[in-house]
Every structure is written in structure tokens, then in C-alpha cells.
Amino acid sequence: MKRIEALGVLAGLTERHPVVVTCAATSRELASVRDRDNHLYLLDAMGLVGSVATGLALSVDPSAPKVVGIEGDGSLLMNPNVLPTGGYLAPSNLLLVLLDNGVYGSTGALPTYSARIDLERLAAAAGWTTRRADTPDGLRAAFGELLTVTGPAFLYARIEEGNAQGIEKLLIDPVTITGRFTRWLREVHAVSGADA
Amino acid sequence: MTYAQAVADGIWAAGTARVGYIPSVTVAPIVTALIASDGGADGSSPRVTPLSREEEAIGVLGAVAFTGRLGAVVMQDNGFGNALTALTTFTLSYHLPLLVFANTRGGLGEYNSMIHSISQPMPAVLRAVGLPVIELDRRSGPEDWHDTVREAGTHAVMTYRPVVVLGSFWNTDGKVA
Ligand SMILES: [Mg+2]
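Chain order of the listed sequences is P and E. Residue numbers in the first sequence follow the UniProt record's numbering, run continuously in steps of one, and reach 196 at the last position. Residue numbers in the second sequence follow the UniProt record's numbering, run continuously in steps of one, and reach 177 at the last position.
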């Protein structure tokens, strides 16, 4: 499964979910497949997807669809605290999808630890309910199963190395992402600061 | 009112929805006060929870702003080195209000022989990356600390960015280190 195929599947499954997406090729490829207001692209800050998704999951109305994070193996390994923190705080509505291609795909394809360190087992040890997939159908099925879980859920998706070619860079001012994502949350899920 | 209680009350008075903390002996009484006022015990409550590192604290609590509310981080100033990338490329760049209260180390009352290496330049480092920094010390009382922390939170919301309050506990009723 190529990353862009996995992202195509995820785009189809997450129309009503808040989606936090890791930087560079992953954000860019997701935006090329489908660019929607519910996508919170993190244009830098490697490793922060899980933390931001955890904070969102703790803050949105629990009746809203699960907060979905889309993270890479290299990025998760830059802030592996995401796993114990998510397991400890245990938001009921958090689903982290890890797209593992075994390399830092946006930074010269240098290898990550993932050939020797099982990131799914690391998540499971930290208290996440996990599933594994390596095909588009498997990804769809695992995503569906994890939607029924109450508590932090971790979908380990093995993908091929390599980035899709001819994809445009996301050269947008981050504040415009904040504006549209915040408006989407407010309008679609009635999340407001009225009680602040 | 103790200084620690003043900071805790000021954080809630700012309208803070959720607090994350990274432990230090100096902020422990603040954390204890926050948790007690939120109906918790043993280091956590519904709206006050521990985190393992400052960088993730900026991610977790900065994200609260997407829901139109304010998050706060309570920490020690020697952890800002872990948090600068997140503070700049996430909260500053995405225009997210966030209230950060940090106790200072490395100054008067310090016993540690190396912590000043990170703590002493920190106000200048934070200002160099464009973060507003408000400094508190023994020269004002708990009422002033309370009002300053509360207003710093309001200022963060008004200006759509993180605001840092640095508190030196030397010669207050608190513990420096
Ligand atoms: Mg990778």
C-alpha cells in the first residue's frame, strides 16, 4: 500500500472527524487527495500530531466523532511520549493512525527504528487498543473496528517507502488552517467557547 | 493567600478550561491548589493532568484553543528549551492563545551549580522568538501575582498567542528549589 492510497482510504472515512495530519509529504498528499476544512495540517513541529490530537480529544464534545491523528513513524519517534501520555490520559475519542514506511520519508529517506522496534506493541504496552493493516481493505476494516473502541485507539498501517510524485507543496499561512478548522469544529460539532 | 494559591486562582480566573503540568518542587503547591479546586487528588483532576515533557504540553494544551477555549501549562523555566519548536511553529504560527506559568531557577536562592546556564538567559530567549514575557518576583504580593496571571490569560486570548508568566519565588512564602 502506498501512502497516497492509504490517505485516499482515510479521506473517505473521516469526512466528519477532526483530523490532525503530520507535516510535509503526508499533509501534502492528503491535501492532493482531498482538502477539507476538517483537516488540521501541522506544517512543521514533527512529532506533535499525537499531542495535538490528544489535546483536541480531551477538549471537543465527547459526542463528536473521534479525533483522528495521522502520523508517520519517524515523527512519532521524535515524540514517543505521545504513547504513554495518550494511554495515561486515555481520551475515549482518540484514534491515531500510524503510517509506517520505515523511513523519514520527507528527509532523505533515512531509516527510522521501526525495522527493529515494533511501534504497535509499544502503543499496546502503553494502553492503546491496536489493530494492524497493510492493505486498503485491511485499513478500512481496522478503522471501522477501532471506531467502536472507547479509549485511545492505535491503527498501525504498514505502507511502502516513497512519496507520490508531482504533488504541490502546501504553502499556506498556518493561521488560515486555524481559521477554517476552528470554524468547521464550531459549525459542524457545535463546539464553542461559550463556557470559557 | 499564598503565592502558589494566588497563581492557581489566577489561572482559573483567566477562564482556563484545562491545565497540564510538568512537575517541579516550586510549582508543586500551585498544582496541588489547582487540583484541589478542581475536585481531584493524587496529582490529577478532571481538568488538571500531568504531562511528561514541555514539548507535548504545548501540543496538548495549545490544541484547546481550536475549541474556542484557553489551555494553560504550569512548568519550570529550564524546560523551555524542550518547548521552543512547539511554541514557535505550532502555537505562535497557528495564532493559538495559551497561558504558560513557569517558576524561575538559577537566580537568587539557587543551590544548583548549572541550572542558571539555561534559566538565566531564558527571558531573553523567549522574547527573541517573539513571545510576550511577564516577570513576577518578591517585589509584589500574592494579590498582584493573581491579577497578573489572570490578565496574562486574558491577554493571550485577546492577542491569539501564547503568553509566558515567569515567577521567581525567592523571598516569597514559596520554595525556590
Ligand atoms: Mg516514515
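In case anyone wonders, no lab produced these hints; they're calculated from the structure. For glycine and all other residues, C-beta sits at the position ideal for the given N, C-alpha and C. Watch out, some of these pointers could steer you wrong.
According to the in silico footprint, chain P covers these stretches of chain E (three or more CB under 8 Å from chain P) [said to hold, decoys possible]:
| hint | region |
| --- | --- |
| 1 | 67 to 73 |
| 2 | 76 to 82 |
| 3 | 88 to 101 |
Computed spacing ranges between beta-carbons, pair by pair [stated by the list, open to error]:
| hint | chain 1 | residue 1 | chain 2 | residue 2 | range |
| --- | --- | --- | --- | --- | --- |
| 4 | E | N82 | P | R34 | 31 to 39 Å |
| 5 | E | M1 | P | K169 | 29 to 37 Å |
| 6 | P | A109 | E | Q120 | 18 to 26 Å |
| 7 | P | A141 | E | Q120 | 28 to 36 Å |
| 8 | E | I118 | P | A90 | 28 to 36 Å |
| 9 | P | E160 | E | S37 | 22 to 30 Å |
| 10 | E | S52 | P | E145 | 38 to 46 Å |
| 11 | P | D35 | E | T2 | 29 to 37 Å |
| 12 | P | D35 | E | H116 | 42 to 50 Å |
| 13 | E | H116 | P | G127 | 36 to 44 Å |
| 14 | P | A190 | E | S37 | 51 to 59 Å |
| 15 | P | D118 | E | D38 | 36 to 44 Å |
| 16 | E | Y160 | P | L171 | 19 to 27 Å |
| 17 | P | G144 | E | L108 | 19 to 27 Å |
Next on the checklist: Could you work out which of the previously given hints the structure breaks and list their numbers from low to high?
Outcome noted: 2, 5, 6, 7, 9, 10, 11, 14 and 17
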